[in-house]
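Visitor: Chains as they are written, first to last, in the working numbering: chain R, 1 to 291; chain F, 1001 to 1318.
In short, the hints are calculated from the structure, not lab data.
Quick caveat: nothing in here was measured; it's all calculated off a predicted structure.
Where a beta carbon is used, it is the ideal one built from N, C-alpha and C, also for glycine.
So these bits of chain R aren't anywhere near chain F, every CB distance computed over 10 Å: (1) Val28; (2) Ala36; (3) Pro50; (4) Ala69; (5) Val84; (6) Asp91; (7) Ser110; (8) Gly127; (9) Ala211; (10) Ala212; (11) Asp214; (12) Gln218; (13) Leu252; (14) Arg259.
So, partial list: chain R residues that the calculated Cβ filter (under 7 Å) puts toward chain F: (15) Ala204; (16) Asp206; (17) Arg207; (18) Asp238; (19) Val270; (20) Val274.
What follows is each chain in one-letter form.
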Amino acid sequence: MRQVKDVRLGDHLCLAFTHEAEQREVSVTFVTAGLARGERVLYLTDDPTPDRVRHWLEEAGVDVAAVTAAGQLGVRPAREGYLVSGRFDPDAMITALRGEVAGSLAAGFSGFRISGEMGWALRGVAGAERLEEYERRITALFHEGMSAAICQYDTRVFPPDRLDALTGCHPEQVQMNALLQDGPLRVTPAFDSEGRPVLRVSGAIDRDTAAAWDAALQSAVGEDGDVRVDMGGLEFIDVAGLRVLVRTAAALPDGRCLRVLRLAPALDKVIRMVGWDRTSGLVIDSEVASA
Amino acid sequence: MTAVTGQAAAAAPELIHHALVYGSDEAFLSATTGFCRDGLAGGDRVLAVTTPANIGLLEDALGPAAAGVEFVAADDWYGAPGRTLAAYGRYVDAHKVRHRRVRIIGEPVWHGRSPAEEAEWTRYESVINAAFAGSPAWIVCPYDERTLPERIVADARRTHPKLLTGSAEHDSHAYTDPAAFAHASDHLPLPPPAGAGEEIRFDADLGRMRQRVAARAAALGLSAGQIDRLLLAVNEVAANAVQHGGGHGRILLWADAAGIGCDVADPGRLSTPFPGYLPPDPLADRGHGLWVVRQLCELLEIRTGRNGTQVRLHLARG
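Could you put the whole structure together from the sequences, leaning on the hints where they help?
Guide: Structural data, given as structure tokens:
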């Protein structure tokens, strides 16, 4: 799982997002980083107009009119980008992108990056069944090192099987920048399907990463509302790490709680062994959320 | 730690821990029937964990009053010392809210125990005095001298401050303070494990230690869930060694008929009294790790002294 700050020319990444806030964060970071590096950036939006994406970029401080006039930024409807001949044709698409890369370099840009919203593929477009083939084949173009792409798939609309297949056609997935990366521990902000912030925890929490883990939770406490922590990606947490979680929950003011999502059943048992399940402010969500 | 007085103080009742050494059904009943009846009459909660035969005897003797007593077969209750102690703790906590005192007849299971299990269950009886100090529990532990080896009955006199005969109690002169209690086998080294593979050395890099232990455990055929449980337990012991002990240590892992054995040894000395035995305060800053380890394990053996500390974990296969 790549953090969006680490995206480089040569990458072909898949963003499987659950909420617009996550989509926006990753997209804006990707586009602005490309602009800052002197690369040409093309954004294919699933909307009929470029307004939403332009608004995002303006909010992020991009002078959209200027970079558009300079030919460095293009925001186009995805139908125009992907469905040149009215149907989806992988060969034509690969040829067109190769032309975009060459054109960008010829115009003096240091590279080309593209991000596309892929929701059109679910709307009965002719040739859309060849999307997986395209995603697999296009990797070679990006691997040449002069271009990069993030393909955006909304996990709320793509059926899980199709989503698995499509993410599998990308060398790697991308997510928001980690709030914290400390050795084997990574804590990444994300959003649930209702747009509420979630901390996604992956890796290991032990005595080496205990201080960083505590800091990550305290920073989440600083925000408003409930603190949501998704432990589904966790490989290991020791008893002291669980204690940090419990103490964070206990210290929350009345009316707020810390919700632990996708905690392994064995760890839920450990929390009960110590009596931590009776902590006020701690809610263990036993529901098995979709990844 | 509150001193065990055995006196029924006017305010909150404190732990009373009796051994009932009995040589006949009549002797068993003459102590336990009154214990239950008095408790029920006084509004105490009464739990009787004993053999099926004794449950039958007691039910008959109590007649209709038996309905007020909760009976549990000892085999179902005395599974692992740490877990049994926790179960009693939960029971007392749950019922002390509505009852002045929680009366327990607790007859441990001794038959079919290995020497290591016998030693740890004996220690468990001693630890009860510390773990339940200040708790409104009155625990009577029956010991059937018709069938038990003399050494077990003798140890009961060392692990219980009072002995019960009929309705009369008297001090046990052999009683040993739990902090000073040692089982006869404590002075002997733990028997070397058979079939342990190459030892795994560890230092402060516990992630690397876990990788190597997981690989060895997988080679022994443990399931993913068992490996997770083992790693959690071993990590706590190793973290103690790194933080409070020698800073490094050695791990041995083996499979035996009962399950999985694992030794964690380090050059430091473990100074915690009753390690992992005292129910932790959920709000405390530390001290939860070894408690969890005891809950995860079937048996935990600890040797500590000038030559370092050896912690032997036994985990079930299933």
